[in-house]
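Visitor: Heads up: the sequence lines are chains A and B, in that order. Okay, so the first sequence: first residue is 1 according to the working numbering, each after it adds one. Okay, so the second sequence: first residue is 1 according to the working numbering, each after it adds one.
The reader is advised that the hints may include incorrect statements.
As the list claims (entries may be wrong) - Restraint-style ranges between C-beta atoms, simulated for each label pair:
hint: 1; chain 1: A; residue 1: L289; chain 2: B; residue 2: R345; range: 54 to 64 Å
hint: 2; chain 1: B; residue 1: K192; chain 2: A; residue 2: P93; range: 18 to 28 Å
hint: 3; chain 1: B; residue 1: L287; chain 2: A; residue 2: L292; range: 48 to 58 Å
hint: 4; chain 1: B; residue 1: F349; chain 2: A; residue 2: R87; range: 30 to 40 Å
hint: 5; chain 1: B; residue 1: R345; chain 2: A; residue 2: Y119; range: 52 to 62 Å
hint: 6; chain 1: B; residue 1: T197; chain 2: A; residue 2: L264; range: 40 to 50 Å
hint: 7; chain 1: A; residue 1: L134; chain 2: B; residue 2: E329; range: 57 to 67 Å
Stated by the list, open to error - On the chain A side, residues computed to face chain B include the following (Cβ under 7 Å):
hint: 8; residue: P88
hint: 9; residue: L95
hint: 10; residue: A96
hint: 11; residue: M99
hint: 12; residue: A103
hint: 13; residue: V107
hint: 14; residue: Q109
hint: 15; residue: L231
hint: 16; residue: D261
hint: 17; residue: L264
hint: 18; residue: L267
hint: 19; residue: A273
hint: 20; residue: M278
hint: 21; residue: W283
hint: 22; residue: P286
hint: 23; residue: F290
If you're looking for bench data, these hints aren't it; they were derived computationally from the structure. No residue lacks a Cβ here, since even glycine has one placed at the ideal position from N, Cα and C.
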Amino acid sequence: MNWDLFPQFLATGLLTGGIYSLIALGLVLIYKASRVFNFAQGHLLMLGAFITWWFTENLGWDVWLAFAAAIGLAIIAGWLVERVALRPLIGQPILATVMMTLALSQVLQGVTILAFGAYQRSLPYLFPIQPIVLGDIRLKLNLALAFVLAMLGFIIFVLFFRFTRAGLAMRAAAEDHQLAQSVGLSVPRIFGMAWAIASVVATVCGVLLANISGVELTLSLIALKAFPAVLFGGLESIPGAIVGGLTVGILESLVGGLPQDPALRALHLGDIAPYVFMLIVLWFRPDGLFGLKRIERI
Amino acid sequence: MAIRLAGDFDISYAHDMAILRNHGQWVMLIVFLTGLFALPFVADGKTLGLLNIIGISIIAAHGLNILLGYTGQISLGQAAFMAVGAYTTAVLMKYGVAFWFALPISGVVGGIIGLLFGLPSLRIKGFYLAMATLSAQIIIPWFFRNVRVDIFGGTPGLTIAPPRLGELVFNTQETMYFPIMLTVVVCTLVAKNIARTRLGRALIAIRDNDLAAEVLGIEQFSYKLRAFFISAFYAGLAGSLWAVYARSINPEQFSLLNSVWYLGMVIVGGMGSALGPILGASFIRILEESTVQLAPALSKMFPQAAAGMLAALGPLVFGLVLALFLIFEPRGLAHRWELLKAAWRLRPFAH
Numbered sequence: 001m002n003w004d005l006f007p008q009f010l011a012t013g014l015l016t017g018g019i020y021s022l023i024a025l026g027l028v029l030i031y032k033a034s035r036v037f038n039f040a041q042g043h044l045l046m047l048g049a050f051i052t053w054w055f056t057e058n059l060g061w062d063v064w065l066a067f068a069a070a071i072g073l074a075i076i077a078g079w080l081v082e083r084v085a086l087r088p089l090i091g092q093p094i095l096a097t098v099m100m101t102l103a104l105s106q107v108l109q110g111v112t113i114l115a116f117g118a119y120q121r122s123l124p125y126l127f128p129i130q131p132i133v134l135g136d137i138r139l140k141l142n143l144a145l146a147f148v149l150a151m152l153g154f155i156i157f158v159l160f161f162r163f164t165r166a167g168l169a170m171r172a173a174a175e176d177h178q179l180a181q182s183v184g185l186s187v188p189r190i191f192g193m194a195w196a197i198a199s200v201v202a203t204v205c206g207v208l209l210a211n212i213s214g215v216e217l218t219l220s221l222i223a224l225k226a227f228p229a230v231l232f233g234g235l236e237s238i239p240g241a242i243v244g245g246l247t248v249g250i251l252e253s254l255v256g257g258l259p260q261d262p263a264l265r266a267l268h269l270g271d272i273a274p275y276v277f278m279l280i281v282l283w284f285r286p287d288g289l290f291g292l293k294r295i296e297r298i
Numbered sequence: 001m002a003i004r005l006a007g008d009f010d011i012s013y014a015h016d017m018a019i020l021r022n023h024g025q026w027v028m029l030i031v032f033l034t035g036l037f038a039l040p041f042v043a044d045g046k047t048l049g050l051l052n053i054i055g056i057s058i059i060a061a062h063g064l065n066i067l068l069g070y071t072g073q074i075s076l077g078q079a080a081f082m083a084v085g086a087y088t089t090a091v092l093m094k095y096g097v098a099f100w101f102a103l104p105i106s107g108v109v110g111g112i113i114g115l116l117f118g119l120p121s122l123r124i125k126g127f128y129l130a131m132a133t134l135s136a137q138i139i140i141p142w143f144f145r146n147v148r149v150d151i152f153g154g155t156p157g158l159t160i161a162p163p164r165l166g167e168l169v170f171n172t173q174e175t176m177y178f179p180i181m182l183t184v185v186v187c188t189l190v191a192k193n194i195a196r197t198r199l200g201r202a203l204i205a206i207r208d209n210d211l212a213a214e215v216l217g218i219e220q221f222s223y224k225l226r227a228f229f230i231s232a233f234y235a236g237l238a239g240s241l242w243a244v245y246a247r248s249i250n251p252e253q254f255s256l257l258n259s260v261w262y263l264g265m266v267i268v269g270g271m272g273s274a275l276g277p278i279l280g281a282s283f284i285r286i287l288e289e290s291t292v293q294l295a296p297a298l299s300k301m302f303p304q305a306a307a308g309m310l311a312a313l314g315p316l317v318f319g320l321v322l323a324l325f326l327i328f329e330p331r332g333l334a335h336r337w338e339l340l341k342a343a344w345r346l347r348p349f350a351h
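Input sequences plus hints: build the corresponding full structure.
Guide: What follows is the structure, given as structure tokens:
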């Protein structure tokens, strides 16, 4: 164990965890609004990164402008996905919606390869990349700023849910569809909105991640790490998403980095730490930290 | 209740319970089986290759169908349990065990690992259980990639010698066809009959309402675990056959993507019927093969997208087909087939 590197791994894990939290937020948004767990979130994220790359590469746009344009497209894409794929399944058993989002992920995968090719691309940096040094800890500036941006996005969404009319409507719909409908809210519109917002969140995550690891198809797999985060935090909880994301990020970084024994390092324990963690969570506290306990009646 | 043929009456309990109810059906079955096993003598290697892949997929899909279609538990880990079967066979054969013994052992080992990951079903279900099996789908390939590289071969994987029976070496599409199809037939027979036993009825009761089933005296946990075992046992058999068919295995062959495809096969074919996985696996694999055939032509038509055509078309078409089935025919091809049969038997009347 190289304990002297502990603060370093802790800090790196925390920063990566910030991005996981933002991915988790996208999942929680959709789940809260429509009780659908979106397995395609990773592919939405990948698509967002590829679209941003396309704007910078083929139209020569500034990366920030491309980012904004991709967010605009993401709103349309998210709304469209809800309208075309998920709306017909309202009222169907959970399996149908799970399978639909899995089918969606395959369609998005195909579309991305078809439109942008299966190559690794690189995005112009959003942020300067020089390292910052804090005592013993060296951090990449772009990772740190991505963390700040992720947290900023988080705060914006929390404020949105607390203070705007649309945010309140979404919370009402999450509480009870029928009650929301009876006070004059359009639940299908709220579903569409939730998907649009989640798709925007996915695009933001995609671009932030692309800045760290490049634009590639494997970006879609990173969202799988947000699943343990969501389950740990609780499926319905926005604060849970942030706690879960940070926990998973730190856990992955510490488990992957701390062991010094080469035999142990060769195992790449960091790759599975989030999932072993997820199994433990499922076993001992399936509702997560802040999730709602479900009571069943016959 | 299916519409019966005219003049087909229950004259004894045995006849009431029989799957094949008259001579015509017996004749059809015998003709079908003869045709099935005579095929390698007429068909070319390419067709047989497709049929072999379909056969292996059918076995895995049968297993998943028992878990998903009969018991109602979502599993995202079927490919991982196949990996367990494949690696068990590979390692056993490396140490000199004949394939014919390794095959059932692989099934059992796959089943036990499946049981292990089915344990959380004591407390969780539905979507949460999907998550538990998802972690199996990540952890198992990780295990074969990173742990004991000297035994499991790490990322490059393992190569497997062809199985032998006396002088006979099973190293071509024609020869592999027989063990695969034989297993498919046996597996189908067992799958069909599981649904007709006490076990099958208990599983269906759990699917329809687990709490009500528990109140009726069906021990949920024990039956769910049995379903997990059977499902993973089938996956183990499929994996074992895949190992000797492909003769080279690596962890990448058993990814989450493959598990999603098996789920897709069960949905497209129709959940909760023994016919479903057969139709679904055949349909999806033939679809996949036709995209492979179509890709070069499409690449010529759209040269700017030519590079990724092959890689893109498979998932795209699969995803679209799955989505369309979920929206328009969630009961799958098997249901369509039943409707067709009923319409044929009622002809010329509509009802």
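Visitor: None of the hints should be skipped; say for each whether it holds.
Guide: For each hint, the structure was consulted:
Distance hint check: the CB atoms of A:L289 and B:R345 are about 57 Å apart, consistent with the given range 54 to 64 Å. Between B:K192 and A:P93 the CB atoms are about 24 Å apart, so this pair conforms to the stated range of 18 to 28 Å. Range check, B:L287 to A:L292: about 40 Å between beta-carbon atoms, so the 48 to 58 Å window is missed. A beta carbon spacing of about 37 Å between B:F349 and A:R87 agrees with the range 30 to 40 Å that was offered as a hint.
For the hinted restraint 52 to 62 Å between B:R345 and A:Y119, the CB-CB distance of approximately 55 Å keeps it satisfied. For B:T197 and A:L264, the Cβ-Cβ distance of about 47 Å falls inside the hinted range of 40 to 50 Å, so the restraint holds. Between A:L134 and B:E329, the C-beta spacing of about 59 Å keeps the proposed range 57 to 67 Å intact. Using the Cβ-Cβ criterion of 7 Å, the hint placing A:P88 at the interface with chain B is satisfied: the shortest such distance is roughly 5 Å.
The interface hint given for A:L95 is met, as the beta carbon of that residue sits about 6 Å from the closest beta carbon of chain B, less than 7 Å. Below 7 Å, beta-carbon pairs count as interface contacts, and A:A96 has one with chain B at about 6 Å; its hint therefore holds. Interface hint status for A:M99: upheld, as the beta-carbon distance to the closest one in chain B is roughly 6 Å, under 7 Å. Using the Cβ-Cβ criterion of 7 Å, the hint placing A:A103 at the interface with chain B is satisfied: the shortest such distance is roughly 4 Å.
Restraint check, A:V107 versus chain B: the minimum CB separation of about 4 Å is within 7 Å; hint holds. Taking 7 Å as the C-beta cut-off, the interface hint given for A:Q109 holds, the closest approach to chain B being about 5 Å. Residue-level restraint check for A:L231 holds (minimum Cβ-Cβ distance to chain B is 6 Å; threshold 7 Å). The closest approach between the C-beta of A:D261 and any C-beta of chain B is roughly 14 Å, which is over the 7 Å cut-off, so the hint fails.
Residue-level restraint check for A:L264 is violated (minimum Cβ-Cβ distance to chain B is 10 Å; threshold 7 Å). With a least beta-carbon distance of about 5 Å to chain B, the hint placing A:L267 at the interface is held under the 7 Å criterion. With its C-beta approaching chain B no nearer than about 10 Å, A:A273 sits outside the 7 Å limit, and its interface hint is violated. Taking 7 Å as the C-beta contact cut-off toward chain B, the hint placing A:M278 at the interface holds, the least distance being around 5 Å.
Hint status for A:W283 relative to chain B: holds, with the closest Cβ pair at about 6 Å, below 7 Å. The interface hint given for A:P286 holds, since its Cβ lies 5 Å from the closest Cβ of chain B, which is under the 7 Å cut-off. Hint status for A:F290 relative to chain B: violated, with the closest Cβ pair at about 16 Å, above 7 Å.
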